[in-house]
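Going line by line, the protein sequences match chains A and B.
For the record, in the first sequence the residue sitting at position 319 is 319 according to our numbering, with numbers rising by one throughout.
For the record, in the second sequence the residue sitting at position 304 is 304 according to our numbering, with numbers rising by one throughout.
Among these hints, one or two may not hold up.
Copies of the same chain look alike in the list, so a pair counts if it works inside one copy or between any two.
[As the list claims (entries may be wrong)] Capping the alpha-carbon separation at 27 Å, the derived lysine-lysine pairs in DSS-like fashion look like this:
1) K33 to K275
2) K168 to K85
3) K55 to K168
4) K33 to K328
FYI, nobody ran anything at the bench for these hints, they're computed from the structure.
If you're wondering where the values come from, they're calculated on a predicted model, not measured in any experiment.
Protein chains: 2
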Amino acid sequence: MNILIAQSGGPTSVINMSLYGAVRKAFAEKQIKHIYGSVNGIEGVLNDRLILLEKKLVEIEKASNQPGSILGGSRYSLQEGDLEKIINKMETFNIKVFYYIGGNGSARTVKALHHCAKHQGKELRFIHIPKTIDNDLYGTDHTPGYPSAANFLSHAVQWIGTDMESMKTYGQIEIIEAMGGNTGWLASASAIAKSSEEQYPQLVYLPEEKKSLSQILKEVESSYQKYGKLMMIIPDHFFIQGILSEASANTTRAGYNGGVAYQLAAQIINNLGYKTKITIPGTLYRSAYSFTSKQDLKEARILGETAVEQAMKGISGVMMCIKRLSNKPYDVEIITKDLENIAGKEKAFPKEFWDKEKHMPTNKYKTYLLPLLEYSFLKPLTLLEK
Amino acid sequence: MNILIAQSGGPTSVINMSLYGAVRKAFAEKQIKHIYGSVNGIEGVLNDRLILLEKKLVEIEKASNQPGSILGGSRYSLQEGDLEKIINKMETFNIKVFYYIGGNGSARTVKALHHCAKHQGKELRFIHIPKTIDNDLYGTDHTPGYPSAANFLSHAVQWIGTDMESMKTYGQIEIIEAMGGNTGWLASASAIAKSSEEQYPQLVYLPEEKKSLSQILKEVESSYQKYGKLMMIIPDHFFIQGILSEASANTTRAGYNGGVAYQLAAQIINNLGYKTKITIPGTLYRSAYSFTSKQDLKEARILGETAVEQAMKGISGVMMCIKRLSNKPYDVEIITKDLENIAGKEKAFPKEFWDKEKHMPTNKYKTYLLPLLEYSFLKPLTLLEK
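So here's chain A without its partners, still in its complex pose (with noise of 0.2 Å):
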């Protein structure tokens, strides 16, 4: 038989190595004559864009601990009659597994095609891989490419802080934007090496909040009298009443970021009368090479390794999810689940993870998250003083 695999939505750090682990995995079984790649998603499958994998190998290997997506990423939606067209083509090369790499959209899609061929009475497979550093899909402990682009978010506030601490008698706040979609798993990440109270970031703000500008206003207000200085996260889906449904509406509009921090940081010179600077690492979140973690990139790899077994065993409709066993020595196992429930829900950052009245996640999140990442966290800067 032959398989199929694809790369879906916007790219992570670890994306090229699930590819990596399934494709290695597939030219090691017997089973299986051709791996077929789709450039650009499901449509390179419609627009004939196969290419044989196989041939491709040190390619693949050579991007595997590089950010990106190799295959090329894919925004599409479904359109009427794609789903047939896509088992058609399928039939065509004598595929029999397809795996798709990627976060809810492809998930939905898997789930649609799997149900598709069933009703047609067709004997093929379908497998979705996760990968989203929104860390939003139900099923899964934890998302591939959402450790590392926490690890990357996690430094960088605290080297912004030390450009901070340096210049505090002129006292300054700054806004950071953070990506994340709907939910608040990455903007929660910046506080991940805080020890104090004091400690930079001071507010974190989720989007799965709504606040009105002058609930904000007075947030901001009184963190910046008890701390001399202020930085805060906001997550670029950040709806506030008033002044942010039209930056919001644009930001998903036309792809637009900076929105919400930019008017944000207006309103808070304009009405306060701080100095108010933004940051927006963008798509850095998911490339910036060197925060790679390594458990991200191991748990990517077996991920993909582990599609390609399940698929063998017969298995279709399903995601291959990490199931968390132990904190510390931090231990997973690799479990199938079907989508039929999961499939496109957003999971929301959890109560139990969020202190409303710090705007801070709790050490419960600490736990959970610290395993993930590459603990080498720099010594905050203290001032010499007298």
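Mind docking chain B on chain A? Use the hints.
Below, chain B without anything else, positioned relative to chain A:
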């Protein structure tokens, strides 16, 4: 005798190394009894915040390779009578030499103090130790801090490039905002890893250029058509006739970065209809610890050490300068230059380093910059094809 050291302006990744070099050298000098440090530049001198640095050797050594200013930065402007007050304070503490680590502002302060003391017939010495990520000081081949900031940007551009390449079929424009004050030294570093025209970034703008909005939109349109994607580097002090006077004014007035990138993105979206994202690394340019260049650290230290040696020989009113002797192998010597004609003057990005037609720095600039970086660049991502 006693001496005094202080740090000024925004921090860099290596400003503490210059301090460390000077303090170590002074500690070993028999003529020197006490090494005073001032907290927050000349403000600390004016407000009695002097500390004995010989008691802080361990802390200074620990911070020596870390970003931030361990003595605190300063953006204080000299008021009438301040020069005399500083000189009085130096006499009170029997301080014979004042070393000021900083950019153009502190160069002017050092020159003014030197003149004032000379005018009063006092045997005091004043030495300027350069630091700025802007690289805009006359007299020195380059300034400590610049290589590390350039190193960070050149890597960030490559990372963001892998993301753009992965999403190429979803054509987008990415605007990266560069620091660098009124000169294009830092923005130009974004192109240092480029080996072909298509590689990222495709358009670099310098603050030395004045452009109208319609000119820029024309250049964006034609680059986008040519490459099917576009990464452009825009300095945060970039003046665009028409739209950006207000944003630029804000930048200066309120310490408000992000204005230029945000406003230009809005113009591109509204006028050309392309998806446009912005990345604002902000103070990461001067704090991205993992990108501190070893050459930069080394030179920052030597400048601090040599400054102590020179002052012991009796010189005053000078800047410590790097003079390049050769590119291959890279070799420099440390010299002093009289601040008389160079203090406070901005060194624009040289014409021979800039290709106006291509919106790119020339190979001459690459020859200049490369020896200062950690040249560990990523292989650009190439999507797999049939």
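At most 27 Å between alpha carbons: which applies to K168 and K85, within, between, both or neither? between (61 Å within a copy, 24 Å between copies)
Original post:
Between the shortest in-copy and the shortest cross-copy C-alpha distance, which are at most 27 Å for K33 and K328: within, between, both, or neither?
Top reply: neither (42 Å within a copy, 52 Å between copies)
### Query
Is it within a copy, between copies, both, or neither that the alpha carbon of K55 lies no farther than 27 Å from that of K168?
between (57 Å within a copy, 23 Å between copies)
Quiz prompt | Same-copy or cross-copy closeness of K33 to K275 [CA-CA at most 27 Å] | solution = Neither. Shortest intra-copy (62 Å) and inter-copy (41 Å) distances fail the 27 Å Cα cut-off.
Hint check: violations occur at hints 1 and 4; the rest are consistent with the structure.
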